[in-house]
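Asker: Keeping their order, the protein sequence lines are chains A and B.
Sequential numbering of the first sequence, starting at 1, is according to our numbering.
Sequential numbering of the second sequence, starting at 1, is according to our numbering.
Read the hints as simulated data drawn from the structure, not as lab findings.
For each residue, glycine too, the CB sits at the ideal point set by N, CA and C.
The reader is advised that the hints may include incorrect statements.
[To be verified] Pairs of lysine-lysine residues, derived as DSS-like cross-links and limited to a Cα-Cα distance of at most 27 angstroms, are as follows:
no. : chain 1 : residue 1 : chain 2 : residue 2
1   : B       : LYS17     : A       : LYS46
2   : B       : LYS168    : B       : LYS226
3   : A       : LYS54     : B       : LYS197
4   : B       : LYS187    : A       : LYS54
5   : B       : LYS40     : A       : LYS8
6   : B       : LYS40     : A       : LYS94
7   : A       : LYS118    : B       : LYS7
8   : A       : LYS54     : B       : LYS165
9   : A       : LYS91     : B       : LYS7
10  : B       : LYS80     : A       : LYS136
11  : B       : LYS20     : A       : LYS94
12  : B       : LYS61     : A       : LYS94
13  : B       : LYS82     : A       : LYS54
14  : A       : LYS54     : B       : LYS20
15  : B       : LYS17     : A       : LYS94
16  : B       : LYS168    : A       : LYS136
17  : B       : LYS20     : A       : LYS136
18  : A       : LYS136    : B       : LYS17
19  : B       : LYS175    : A       : LYS54
20  : B       : LYS202    : A       : LYS136
21  : B       : LYS20     : A       : LYS91
22  : A       : LYS94     : B       : LYS7
23  : A       : LYS46     : B       : LYS82
24  : A       : LYS90     : B       : LYS82
25  : B       : LYS82     : A       : LYS91
[What the hints assert, rightly or not] What follows is a list of derived Cβ distance ranges for each label pair:
no. : chain 1 : residue 1 : chain 2 : residue 2 : range
26  : A       : LYS94     : B       : GLN207    : 53 to 61 angstroms
27  : B       : VAL198    : A       : ILE87     : 38 to 46 angstroms
28  : B       : GLY136    : A       : GLU88     : 47 to 55 angstroms
29  : A       : PRO34     : B       : GLU174    : 51 to 59 angstroms
Residue strings, one per chain:
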Amino acid sequence: MENTFEPKVVAFCCHYCAYSAADLAGSMRLEYSPNVRIVRLMCTGKVDTLHLLKAFEDGADAVFVAGCEEGSCHFQEGNLFARQKVIEAKKLLKEVGIEPERLEMYHIAASNSVLFAKAADEMTERAHKLGPNPLKTQGKSI
Amino acid sequence: MIVGERKTFEQIWDSIKDLKSVLVLGCGTCVAVCQAGGEKEVGLLAAELRMKSQLAGVTIKIGEATIERQCDREFFDAIKDKAKEYEAILSMACGAGVQYCAEVLEPMRSIPALDTRFIGVTEAQGNWAERCRACGNCVLADYGGICPMTICAKSLVNGPCGGSKNGKCEASQEKDCAWVLIYNRLKKQNRLVDLNKVLTVKDYSKQTHPGRYINEVYLKPRMEEKSAQ
Ligand code: SF4
Ligand code: SF4
């Protein structure tokens with residue numbers, strides 16, 4: 001059973017940096033985890049704690065938010081707001097009994113495709129270690 | 001606005017965990033502005049409760065709704081029917097709203113999800129501060145628009161006390177001495193001389209509870225009774 005588990009990892013990426021980095025990773029033919037589904041946003045400042053919780057509620061095994069590096073957000077400080085939302089969401093996840101490590105914030109420059117690939121692999125690895133989102137395994141018959 | 005703060009998740013969970021169904025009801029006015037009990041916070045709390053109940057292996061139907069205000073009867077009309085499908089309301093309004101919820105929807109249980117903190121202002125994003133204690137006898141005109149009842153830790157209307165030091169209050173170094181603020185404000189307004197005024201005694205009788213305020217103009221009109229001849 002465990003061997004067949006393929007985690008679903010959701011990545012909220014900003015258009016200007018992290019998404020460009022993901023794009024570049026593709027162009028460079030860098031290999032990264034195919035488990036990652038990218039949600040592109042104009043800026044990670046748009047990410048709300050509610051989006052992060054909903055992703056888990058809808059069955060994501062791991063989620064990460066990837067914004068620009070500190071100081072280079074195209075909208076000044078959207079990435080910093082996103083980081084606060086991630087911290088808040090981690091707290092809420094812990095309260096309900098979901099491992100907060102399933103969620104993480106990354107700062108990735110548009111040129112840093114390697115870091116994007118690393119983040120994708122790291123979060124997939126974490127999900128593999130932690131197993132499926134407990135919401136999918138608990139409270140169900142069998 | 002009324003500023004509220006969400007109770008801990010543990011406290012909220014404890015208060016609803018034995019129920020079969022609960023409607024999380026937000027208030028779209030004060031507590032929505034201070035980001036404690038508006039539509040978004042309803043979404044967050046409901047999501048948390050759904051996940052928690054699933055993980056705890058209990059089935060609780062969790063609904064979400066937000067009305068404009070919970071301190072005005074007519075706004076409840078929008079959710080009256082929906083409320084009937086639930087065992088209790090988890091109200092995210094201030095204490096007044098939670099109580100009105102219990103009254104308007106009686107005998108439905110109404111459970112508070114917030115702790116009501118104070119009447120205050122938004123000083124900065126995510127930062128709210130108390131400004132008024134609803135004393136019922138506002139003296140701001142004489143004190144440069146700074147409330148001695150609220151800002152002074154001892155509510156002195158005749159300050160400062162001997163504990164005022166370098167502009168700070170002896171109760172806490174984090175707090176400004178209200179009387180230094182009042183002095184500086186009056187100085188800017190060229191009204192320092194007003195501090196010499198002997199003010200009338202403050203009417204504390206208005207602070208008896210529960211308060212009530214009636215404005216005849218807006219009372220529902222009634223036919224004049226014909227005087228017996
Ligand atoms: S119920 Fe309370 S929080 Fe809501 S509008 Fe009325 S006073 Fe404000
Ligand atoms: S004096 Fe202070 S507490 Fe009283 S009504 Fe005015 S602001 Fe509010």
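Asker: Holds or violated: B/LYS40 with A/LYS94, Cα cutoff 27 angstroms?
Answerer: Holds - the C-alpha atoms of A/LYS94 and B/LYS40 are around 20 angstroms apart, at most 27 angstroms.
Asker: Given the hint that B/LYS187 pairs with A/LYS54, test it: the Cα-Cα distance must not exceed 27 angstroms.
Answerer: violated (54 angstroms)
Asker: For the pair we were handed, A/LYS90 and B/LYS82, check the Cα-Cα distance against 27 angstroms.
Answerer: It is violated: about 32 angstroms lies between the C-alpha atoms, which goes past 27 angstroms.
Asker: Tell me if the straight-line CA distance from B/LYS20 to A/LYS94 falls inside 27 angstroms.
Answerer: Given that 27 angstroms is the threshold and the Cα spacing comes to 24 angstroms, the pair holds.
Asker: Holds or violated: B/LYS82 with A/LYS91, Cα cutoff 27 angstroms?
Answerer: Violated. B/LYS82 to A/LYS91 sits at ~31 angstroms, over the 27 angstroms cutoff.
Asker: Measure nothing beyond the straight line between the CA atoms of B/LYS20 and A/LYS136; if it is 27 angstroms or shorter, mark the hint as holding.
Answerer: holds (22 angstroms)
Asker: Holds or violated: are the alpha carbons of B/LYS168 and B/LYS226 at most 27 angstroms from each other?
Answerer: Outside the cut-off at roughly 64 angstroms; violated.
Asker: Check whether the Cα positions of B/LYS168 and A/LYS136 lie no farther apart than 27 angstroms.
Answerer: violated (55 angstroms)
Asker: Just to be careful, I want the Cα atoms of B/LYS175 and A/LYS54 compared with a cutoff of 27 angstroms; is the pair within it?
Answerer: At roughly 40 angstroms apart (the allowed maximum being 27 angstroms), A/LYS54 and B/LYS175 break the hint.
Asker: Holds or violated: A/LYS54 with B/LYS197, Cα cutoff 27 angstroms?
Answerer: Violated: A/LYS54 and B/LYS197 sit about 60 angstroms apart, past 27 angstroms.
Asker: Next pair to validate is B/LYS61 with A/LYS94; report whether the Cα-Cα distance is within 27 angstroms.
Answerer: Holds, at about 22 angstroms.
Asker: Against the 27 angstroms threshold, does the CA-CA distance of B/LYS20 and A/LYS91 hold or violate the hint?
Answerer: Answer holds: B/LYS20 to A/LYS91 is near 26 angstroms, not above 27 angstroms.
Checked against the numbered hints given earlier, this structure breaks hints 1, 2, 3, 4, 7, 8, 10, 16, 19, 20, 23, 24, 25, 26, 27, 28; the rest are met.
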